[in-house]
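Enquirer: Chain B: place on chain A using the hints.
Chains as they are written, first to last, in our numbering: chain A, 1 to 258; chain B, 1 to 258.
Hints are computed from structural coordinates only; laboratory data are not their basis. Treat the hints loosely; a few may be bogus.
The list makes no distinction among identical chains, and a pair is therefore deemed to hold if it is satisfied within one copy or across any two copies.
To be verified - Simulated crosslink set (DSSO-like; lysine-lysine; CA at most 27 Å straight-line):
id: 1; residue 1: LYS44; residue 2: LYS216
id: 2; residue 1: LYS199; residue 2: LYS146
id: 3; residue 1: LYS44; residue 2: LYS248
id: 4; residue 1: LYS199; residue 2: LYS159
id: 5; residue 1: LYS52; residue 2: LYS216
id: 6; residue 1: LYS216; residue 2: LYS161
id: 7; residue 1: LYS120; residue 2: LYS199
Since the model is a prediction, treat every value here as computed from it, not as a measurement.
In case you want the letters, here they are:
Protein chains: 2
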Amino acid sequence: MKFKIAILGTGNVAWHLAPALEDAGHTITEVFGRDRENIESITKRLYTAEGKEDLDFSESEAEIFILAVSDQAISGLADEVILPEESILVHTSGAVPLEILGYSSASYTGIFYPLQSFSKDRPIDFSEVPFLLESEDGTTLQKLKKLAKSLSTLQYLIKSKDRLALHVAAVFASNFSNHMLRISEEIMARQGLDFDMMKPLIIETISKSLELGARKAQTGPAVRSDFNTLEIHHQFLNYNEQVAEIYKLISQDIIDSY
Amino acid sequence: MKFKIAILGTGNVAWHLAPALEDAGHTITEVFGRDRENIESITKRLYTAEGKEDLDFSESEAEIFILAVSDQAISGLADEVILPEESILVHTSGAVPLEILGYSSASYTGIFYPLQSFSKDRPIDFSEVPFLLESEDGTTLQKLKKLAKSLSTLQYLIKSKDRLALHVAAVFASNFSNHMLRISEEIMARQGLDFDMMKPLIIETISKSLELGARKAQTGPAVRSDFNTLEIHHQFLNYNEQVAEIYKLISQDIIDSY
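Next up, chain A with everything else stripped away, as it sits in the complex (with noise of 0.2 Å):
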């Protein structure tokens, strides 16, 4: 099942799901964007698409709009734009719930969330990216699920309050451990090491994680109770306040929950 789509936004997520799409088959009607240049960076990687400034879709051939835009501007394009009878208005949310979309023009509406973090200097293998799904219609949703299927093996249907949590969690998977490295490596170049030392400890930690589960996988001065290194360690932070409070906020919780 192919489908006309149109997508509204020009960021990371757009900019990579737009060309997936057309690769999977389907078409892309319409790009639609605030500025000319951002709206071409995204049609210039596409076949089809015409660039699109104003909200008017009432003549789209698209059967689908996905509203791929920060999370503070999806209510207010879902209340702008003008759909054609019978559109489908889906947003890329993790935070946002799906009544946010129920003023909107649309006939139907839905999440198609791709559970993924997006940065346009580095491709995405969308066949690996869960998609999670959610719509109150059932005809949509089956649509949004044969959509998601044909870029990824990978979907869930996915309730508001569940996806909720779900982002708040992917936040600490994803955001927070990629500040540990953050955090990690400005140690190191502070003191003039090399960070590529600390890499094959990065990935052994990470993979030893996902096979063990993070609390058998968990080693460090924090999880044997060792209070004389970890003084010693905040200590050593005592040039940035706010980094040594993480260190002992972490290393607390870790000692709590063993």
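Expert: Okay, now just chain B, sitting in the frame of chain A:
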């Protein structure tokens, strides 16, 4: 150059290191421990090593004595152990300075620190483990370098001062990133959601971070200064005050560092 080596300690590092040293052609003469069962858990992985419950090594044929024990135990064991003439005593810790071995009966002292996270449940490929080496004696350092080279392609000469920084950096990169996965697992479990959903995101996040650097790789609500989502997430976590505080503090640190 093949060495005769005694291992003092029966923990995770000893458990992995002793057989790896034997595989590299060295001879393990003795394994010291306080508990017969723990000693045997190591010696039964080895061809020739004798178990030993006392610290009189004056008759040992070993040249290199590796203290692979918890940080707190290093100093006491180093003071107590009776070593033969011309022996080299090293420890394997990231956090303990070289000077602590200065009161031992060893002729030479050093550090032989494998920068890796060791768990008994999981085999280690030593060829990719960075060995961080230190000694004030040039010949000893050469021997430690040869020993490390027989196990791994990665050796670094690191002073105690830098080794402390490196150990703090390793705690963030390994123990703390693993704890972020642990919190994520718990949020998912509490909601009855399958953590497998999160795995492609984690693998992509870490791969991207190692390729682009963590600063450039960051995504999510904090780096976008999406205060609305941050607030919703923080409220969601109100069932666990400490985790809510971790959420707030790390988000603030991400915001502050862009």
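Enquirer: From the Cα coordinates, with 27 Å as the cut-off, is the pair LYS199 and LYS146 best called within, between, both, or neither?
Expert: Close across copies (22 Å), not inside one copy (39 Å); limit 27 Å.
Enquirer: Within a copy, between copies, both or neither: which one fits LYS216 and LYS161 at a CA-CA cutoff of 27 Å?
Expert: neither (29 Å within a copy, 31 Å between copies)
Enquirer: Up to 27 Å between alpha-carbons, please classify LYS120 paired with LYS199: within, between, both or neither.
Expert: For LYS120 and LYS199, the Cα distance is within 27 Å both inside one copy (23 Å) and across copies (21 Å).
Enquirer: Up to 27 Å between alpha-carbons, please classify LYS44 paired with LYS248: within, between, both or neither.
Expert: Neither way: LYS44 and LYS248 sit 49 Å apart in one copy and 40 Å across, limit 27 Å.
Enquirer: Go through the copies and call it for LYS44 and LYS216: within, between, both or neither, with a Cα cutoff of 27 Å.
Expert: Classified as between; 24 Å across copies, 48 Å inside a copy.
Enquirer: How do LYS52 and LYS216 come out at 27 Å by Cα distance, when the copy is not named: within, between, both, or neither?
Expert: Close neither inside one copy (52 Å) nor across copies (30 Å); limit 27 Å.
Enquirer: From the Cα coordinates, with 27 Å as the cut-off, is the pair LYS199 and LYS159 best called within, between, both, or neither?
Expert: Answer is between; shortest inter-copy Cα gap is 20 Å, intra-copy 37 Å.
Checked against the numbered hints given earlier, this structure breaks hints 3, 5 and 6; the rest are met.
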